[in-house]
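Colleague: If you want the building blocks of each chain, they are given just below.
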Amino acid sequence: MSPLGEPLSRVDGKLKVTGSAKYSAEFEIPQLAYAVMVQSTIPSGRIARMDTSAAERIPGVVAVLKPGNALELPGAERRVSVLQDDLVHYDRQPVAVVVAETLEQAHHAASMVRVEYAKADAKLNFDAGFPTSYPGSHNGIPGDLSFGDVDAGLRQAEITIDQVYTTPIQHHNPMEPHATIAKWDGDHLSIHDATQHISGVQETLAKMFAIPKENVHVTCLFVGGGFGCKGQVWSHVILAALAAKQTNRPVKLVLERPQMFGPVGARPRTHQKLTLGATRDGKLTAIRHEVHANTSEIEDYLESSAFPTRVMYSCPNVATIHRLVPLNLGTPTYMRAPGVATGTYAVEVAMDELAYELEMDPLQLRLINYTDVDPHTKVPFSEKNLRGCYSRAADRFGWSKRSHGPQTMREGKLAIGWGMATETYPGKNLPAAALVRLQPDGTAVVASGTQEIGNGIYTVMTEVAADTLKMSPRLFTAVLGDTNLPPAPISAGSMTTASVGPAVREAALRLRSQLIAIASRDAQSPLHGADESDVELQDGKMFLRSAPGRSDNFKSLLARHGNRPVEASAQVKPGVNENQYSVHSFGAVFAEVAVDPDVRMVRVQRVVAVFDVGKVLNEKLGRSQFIGGIVWGISLALFEDTHVDWRNGRIINANLADYLVPVNRDIGEIDVSTLDIPDTKLDSLGARGIGEIGITGTGAAVANAVFHATGKRVRDLPITPDKLL
Amino acid sequence: MQPFKYRREENSAAAVAAIGQLEHSKFLAGGTNLIDLMKNGVERPAALVDINRLPLAKIEALPDGGVRLGALARNSDTANHPLVRERYPLLAYAILSGASPQLRNLATNGGNLLQRTRCPYFMDTGFAQCNKRDPGSGCGAIEGFNRMHAIFGTSEQCIATHPSDMCVALAALEARIVIMGPQGERIIPIAEFHRLPGDTPQSDTTLRPGELITSIDLPKSPYARHSHYLKIRDRSSYEFALVSVAAALELDGDTITSARLVLGGVAHKPWRLEQAEKILTGNKMERHLFAAAAHTGMEGAKTFRYNRYKVEMATRGIRQALGVAGGVA
Chain F
1 MSPLGEPLSR VDGKLKVTGS AKYSAEFEIP QLAYAVMVQS TIPSGRIARM DTSAAERIPG
61 VVAVLKPGNA LELPGAERRV SVLQDDLVHY DRQPVAVVVA ETLEQAHHAA SMVRVEYAKA
121 DAKLNFDAGF PTSYPGSHNG IPGDLSFGDV DAGLRQAEIT IDQVYTTPIQ HHNPMEPHAT
181 IAKWDGDHLS IHDATQHISG VQETLAKMFA IPKENVHVTC LFVGGGFGCK GQVWSHVILA
241 ALAAKQTNRP VKLVLERPQM FGPVGARPRT HQKLTLGATR DGKLTAIRHE VHANTSEIED
301 YLESSAFPTR VMYSCPNVAT IHRLVPLNLG TPTYMRAPGV ATGTYAVEVA MDELAYELEM
361 DPLQLRLINY TDVDPHTKVP FSEKNLRGCY SRAADRFGWS KRSHGPQTMR EGKLAIGWGM
421 ATETYPGKNL PAAALVRLQP DGTAVVASGT QEIGNGIYTV MTEVAADTLK MSPRLFTAVL
481 GDTNLPPAPI SAGSMTTASV GPAVREAALR LRSQLIAIAS RDAQSPLHGA DESDVELQDG
541 KMFLRSAPGR SDNFKSLLAR HGNRPVEASA QVKPGVNENQ YSVHSFGAVF AEVAVDPDVR
601 MVRVQRVVAV FDVGKVLNEK LGRSQFIGGI VWGISLALFE DTHVDWRNGR IINANLADYL
661 VPVNRDIGEI DVSTLDIPDT KLDSLGARGI GEIGITGTGA AVANAVFHAT GKRVRDLPIT
721 PDKLL
Chain H
1 MQPFKYRREE NSAAAVAAIG QLEHSKFLAG GTNLIDLMKN GVERPAALVD INRLPLAKIE
61 ALPDGGVRLG ALARNSDTAN HPLVRERYPL LAYAILSGAS PQLRNLATNG GNLLQRTRCP
121 YFMDTGFAQC NKRDPGSGCG AIEGFNRMHA IFGTSEQCIA THPSDMCVAL AALEARIVIM
181 GPQGERIIPI AEFHRLPGDT PQSDTTLRPG ELITSIDLPK SPYARHSHYL KIRDRSSYEF
241 ALVSVAAALE LDGDTITSAR LVLGGVAHKP WRLEQAEKIL TGNKMERHLF AAAAHTGMEG
301 AKTFRYNRYK VEMATRGIRQ ALGVAGGVA
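Top line first, the protein sequences correspond to chains F and H.
Note that this note's numbering has the first sequence beginning at 1, numbered continuously upward.
Note that this note's numbering has the second sequence beginning at 1, numbered continuously upward.
Errors might be hidden in some of the hints.
Derived Cβ-Cβ restraints for the label pairs, each shown as a range [claimed, not checked]:
(1) F:ASN125 x H:ASP36: 31 to 37 Å
(2) H:THR125 x F:ALA118: 54 to 60 Å
(3) H:ASP134 x F:LEU32: 56 to 62 Å
(4) F:ASP151 x H:THR303: 41 to 47 Å
(5) H:ARG308 x F:LEU656: 53 to 59 Å
(6) H:THR206 x F:ASN248: 22 to 28 Å
Derived BS3-like pairs: lysine-lysine, alpha-carbon spacing no greater than 30 Å straight-line [unchecked claim]:
(7) H:LYS39 x F:LYS119
(8) H:LYS284 x F:LYS413
(9) F:LYS22 x F:LYS273
(10) F:LYS66 x H:LYS39
(11) H:LYS278 x F:LYS413
(12) F:LYS22 x H:LYS302
(13) H:LYS278 x F:LYS712
Read the hints as simulated data drawn from the structure, not as lab findings.
Note that the structure is a prediction, hence the values are computed from the model and not measured.
Where a beta carbon is used, it is the ideal one built from N, C-alpha and C, also for glycine.
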């Protein structure tokens with residue numbers, strides 16, 4: 001028996017460590033052909049001529065698809081590059097697809113395709129695009145929102161901070177590259193896809209090929225990391241289906257690492273101008289947060305960096321402004337804590353700067369501006385216990401031993417810096433459905449059309465169902481990642497557990513009622529005539545609370561009822577009323593860095609974070625999520641940077657040797673814990689979601705620690721040794 | 001990748017003969033660099049001659065007190081060999097600061113000498129310009145993103161750096177590269193092995209076509225006790241140097257009786273600072289001496305838009321490496 005919250009190991013752990021978990025590229029299909037994309041080497045213009053003759057002569061080549069011979073797609077749209085026209089909108093845009101009998105042949109042939117371009121002027125100057133930038137929205141929420149009177153607030157201010165913070169383009173780089181296998185059977189399409197959203201793939205493909213949604217069957221049993229880049233349906237998914245249709249063969253298309261730098265999303269570049277006004281005693285009088293972020297020429301994606309500014313501090317006058325700067329780059333997209341990771345970096349460094357202007361402890365400044373209500377809507381938070389996070393994290397870190405001045409702490413030769421920041425992420429959920437089925441042999445199935453993106457949802461579904469039916473988790477098989485299952489939302493926005501969990505809970509509760517009802521109607525059952533409210537479940541048995549001796553077990557119950565499975569399903573919709581509660585998770589993060597005083601290499605020695613994220617359904621899985629987020633926050637501060645040659649829009653570090661993410665040696669001790677206070681206003685389980693909050697604030701805590709160690713304020717991420725000289 | 005012929009040879013003479021017979025052929029040792037470049041389409045050999053079975057993997061003491069490193073000894077085995085650790089700790093540290101354990105387990109000493117630049121304009125055929133990859137096409141880096149590029153010995157044709165850590169230490173230790181070729185054996189001093197780009201940046205070394213590296217010979221060294229390899233980089237492992245410094249001192253009390261100082265990450269070859277070495281020699285170790293050596297060492301540096309920081313970084317690096325080597329940091 002594993003009550004919720006216990007550190008149950010991943011139910012899919014053995015499959016993963018033995019290599020037997022089947023990822024989307026790993027399905028063996030008879031007659032499979034291999035597709036390789038050819039990509040543009042210019043950022044803007046048109047294809048003047050494409051010579052595919054040499055490629056077509058390579059033995060084993062089945063087809064070379066390009067604009068002109070590729071199938072016309074009824075549902076084609078500008079945002080995807082699916083060979084419908086000869087226009088080029090960004091470097092590394094797919095311009096042809098080679099299909100061959102073997103992967104090697106397809107690769108070789110792809111390298112033989114000769115493309116001549118007619119170049120057009122490309123928009124690649126980010127700053128120059130500011131005057132013609134335009135407003136946008138993020139998930140339907142407008143990018144511009146103000147309350148109070150910021151100008152008046154700034155006039156009242158005795159201290160003002162006015163700085164620009166910039167963050168570079170970043171790429172997700174999950175270990176598993178994007179991968180699709182497509183197979184047609186008449187006008188029915190089967191897809192194995194590495195995706196965070198099987199229903200999204202289903203809908204998009206149905207639209208593209210103008211076939212009923214029911215004709216598209218999408219499966220995805222495991223995702224080897226998505227982090228946002230597998231949330232959208234990008235060109236390659238459609239190209240795989242197109243190639244399969246046109247060649248009348250099942251086709252597999254797997255992106256190579258360099259191919260993932262362009263056509264499958266990125267975190268856009270941001271330029272964030274922060275103006276803070278405060279009184280001498282530290283009370284914020286105004287915050288103005290103006291963001292410029294790039295998007296592409298073919299689709300708008302807004303990096304909502306100023307969104308967290310709307311909820312973090314008690315301040316009567318707040319202006320949040322976002323402007324989109326379209327460039328000839330691949331379309332940016334959601335990346336772990338979209339908007340919030342980059343935005344909390346800027347706001348929380350600005351707060352640190354304000355603390356130094358005020359000669360005040362940075363933590364004290366946060367406490368002075370603490371808010372129990374949403375500063376914009378003035379409604380209370382569904383649950384907010386951030387004070388508890390601050391105090392516990394400060395204790396665990398030893399913050400009280402900090403000396404305030406920069407360059408005042410040393411450890412041998414190394415300069416030591418301590419920095420802190422607030423973390424935040426919205427609590428969200430979406431409608432989700434699930435089913436739970438009890439089998440005659442006493443085992444059970446729990447199923448939902450969600451995706452396992454490494455978040456542990458196989459395990460969470462198992463735990464929730466087992467907890468509700470009071471059965472051992474070992475008796476459950478969790479099934480997901482199939483569009484034939486009850487639908488669930490995209491696995492993103494830290495909302496999978498808060499969406500799918502309650503649906504499983506509800507389905508299991510209905511199954512429980514059904515089982516009790518069957519027993520109650522059954523003259524042979526010791527529970528005959530029992531009232532549901534008097535029945536308790538334990539270890540696969542039902543018994544009466546009023547007479548514990550009267551019990552029946554699931555197996556014999558089902559044996560008496562034709563040995564047929566009993567199943568129940570449920571769909572659950574989010575219950576929170578936004579006019580009543582504002583739902584956000586919060587946390588506090590403290591970081592220690594050691595900086596070599598001469599050559600300025602920075603090492604993060606310690607991070608302590610305490611989170612207020614509602615109920616944590618599995619302590620072990622939760623810990624991993626927080627640590628992963630924090631590592632990424634360190635990476636945001638010190639390492640990640642997609643280098644673009646701005647002359648021609650080509651990314652020059654499109655590989656994992658030159659696109660830096662931390663190695664083990666870059667990461668010191670990470671201490672995470674949670675308050676574990678359920679938030680039942682969002683969902684029945686009280687869980688608010690934990691996938692993204694770890695990266696928020698962490699970048700700022702590290703940056704603030706670097707300032708504390710060196711006295712140097714780097715406002716342009718990442719903080720590399722050259723910037724600290 | 002372009003299809004290629006593959007032949008495996010068992011001895012050096014046969015390998016040299018094979019490479020002479022097969023057109024556009026290359027030796028294949030660890031393959032950690034060559035195979036990547038073949039996948040990228042940068043290298044397109046018509047044939048590979050696999051030399052992994054050649055008996056060149058030994059590490060052995062030489063009668064003069066030096067050590068012979070077999071060309072096919074793996075980087076990991078070399079760095080961890082007792083003879084190398086005792087007599088040339090500088091080399092051991094330099095090797096271990098390069099790449100990752102997985103790569104070092106495969107990469108060979110000869111291959112390390114021959115690894116090609118990490119210049120992104122060279123590594124990616126999607127860029128039209130690279131005089132090293134496609135002579136006469138221009139240099140993408142001079143006006144491009146050149147944060148990692150050279151500040152010494154550049155030409156108008158090429159500003160690439162040599163990426164090796166091992167070779168920086170070899171330059172400080174005055175290694176001799178032993179070569180077998182169609183005309184027999186010859187020895188190239190490490191200082192003459194790698195070349196500056198000049199007007200022929202496509203040639204990284206003075207190795208002639210068909211020649212095979214058989215060993216790296218290290219002369220007896222007085223620097224085992226006082227040396228340091230400092231690698232300044234963007235992350236703490238699996239990353240190329242922004243700037244690296246090999247510093248080796250021979251001391252009599254506080255007085256430097258001889259010195260070797262070589263920079264990595266700043267030129268098309270390991271960049272030895274002989275003038276700085278002269279300044280150090282015969283003087284007492286002091287902060288201002290190290291600063292003077294660093295100052296002299298950096299004279300003549302020519303920076304580009306994104307690599308101006310390298311002068312200051314190298315200056316600080318030299319001071320620190322000398323201090324650590326001398327035990328006075």
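Colleague: It remains to establish, for every hint, whether it holds in the given structure.
Modeller: Hint-by-hint comparison with the structure:
1. F:ASN125 x H:ASP36: 31 to 37 Å: The hint (31 to 37 Å, Cβ to Cβ) holds, given that F:ASN125 and H:ASP36 are roughly 33 Å apart.
2. H:THR125 x F:ALA118: 54 to 60 Å: Given about 21 Å between the Cβ atoms, the range is violated.
3. H:ASP134 x F:LEU32: 56 to 62 Å: Check failed, 36 Å falls outside 56 to 62 Å.
4. F:ASP151 x H:THR303: 41 to 47 Å: holds (44 Å)
5. H:ARG308 x F:LEU656: 53 to 59 Å: This hint is violated: roughly 28 Å between Cβ atoms.
6. H:THR206 x F:ASN248: 22 to 28 Å: Given about 56 Å between the Cβ atoms, the range is violated.
7. H:LYS39 x F:LYS119: Satisfied, since the Cα-Cα distance of roughly 27 Å is no more than 30 Å.
8. H:LYS284 x F:LYS413: Holds: H:LYS284 and F:LYS413 sit about 23 Å apart, inside 30 Å.
9. F:LYS22 x F:LYS273: violated (46 Å)
10. F:LYS66 x H:LYS39: The given pair, whose Cα atoms are some 23 Å apart, holds under the 30 Å limit.
11. H:LYS278 x F:LYS413: Judged against 30 Å, a Cα distance of about 29 Å means the pair holds.
12. F:LYS22 x H:LYS302: violated (53 Å)
13. H:LYS278 x F:LYS712: violated (36 Å)
Going through the hint list in order, the structure does not satisfy hints 2, 3, 5, 6, 9, 12 and 13.
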